[in-house]
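Student: Work out the full structure: start from the sequences and follow the hints.
Heads up: the sequence lines are chains P and A, in that order.
The first sequence stops at residue 116 when you use the working numbering, and every number in between is there.
The second sequence stops at residue 1110 when you use the working numbering, and every number in between is there.
Keep in mind the hints are simulated off the structure, nothing from the lab.
What you are looking at is a predicted structure, and each value in this text was computed from that prediction instead of being measured.
Here a beta-carbon is modelled for each residue, glycine too, at the ideal position from N, C-alpha and C.
Some, not all, of what chain A presents toward chain P, calculated at C-beta under 10 Å: (1) 1004; (2) 1040; (3) 1087; (4) 1100.
Only part of the chain A face toward chain P is listed, based on derived beta-carbon distances under 7 Å: (5) 1042; (6) 1043; (7) 1045; (8) 1048; (9) 1095; (10) 1097; (11) 1101; (12) 1102; (13) 1103.
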Amino acid sequence: ETGVTQSPTHLIKTRGQQVTLRCSSQSGHNTVSWYQQALGQGPQFIFQYYREEENGRGNFPPRFSGLQFPNYSSELNVNALELDDSALYLCASSWGTSGGLEETQYFGPGTRLLVL
Amino acid sequence: GQNIDQPTEMTATEGAIVQINCTYQTSGFNGLFWYQQHAGEAPTFLSYNVLDGLEEKGRFSSFLSRSKGYSYLLLKELQMKDSASYLCAVKWRRDDKIIFGKGTRLHILP
Chain P
1 ETGVTQSPTH LIKTRGQQVT LRCSSQSGHN TVSWYQQALG QGPQFIFQYY
51 REEENGRGNF PPRFSGLQFP NYSSELNVNA LELDDSALYL CASSWGTSGG
101 LEETQYFGPG TRLLVL
Chain A
1001 GQNIDQPTEM TATEGAIVQI NCTYQTSGFN GLFWYQQHAG EAPTFLSYNV
1051 LDGLEEKGRF SSFLSRSKGY SYLLLKELQM KDSASYLCAV KWRRDDKIIF
1101 GKGTRLHILP
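Tutor: Next comes the structure, spelled out in structure tokens:
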């Protein structure tokens, strides 16, 4: 158990809908990163939030957006869902962004999204 | 680009030793992580290397050569529960992103 929680665990949506996924970071962690993991692939970086500000973004379109709250929990929002958005969405929390062992990310159990 | 290369699959026997390699682009390197991921579960942290050399942690060791852009994860005394995917992830100084490789699926045979 890493202390990182995500909700919901599973979700089914249809094309064109919008979805919000939630993540509570480990106590003491101020950084949350979101990843998309397709079956048989490694996690793909979506974006990172540090102290409520976006701190880096991967190659994902603007319909992927996020928020981080004062308690360092976070949301991932995806608009206009497409079939290819079906994946496991992982959030990972860490302390800081300066590098080093404290950079170690601890993952939540993920949300499995299926878009029909 | 920030390519990270790992073998797609490996097979080893219970009780044996296996080495999983990872190569990456050296420019801007700022740390390397290894994670274990069982099917249907989240990745769990195994090791972190930022300086050259070997880091040992029980049955698992991780090695880094920064000049060669090369790391390996060494698993000793393999157990059936070690059947999982092993993910190499690299942090780059330029944009602070941590990029994951596609993972190596390790199958352990009795």
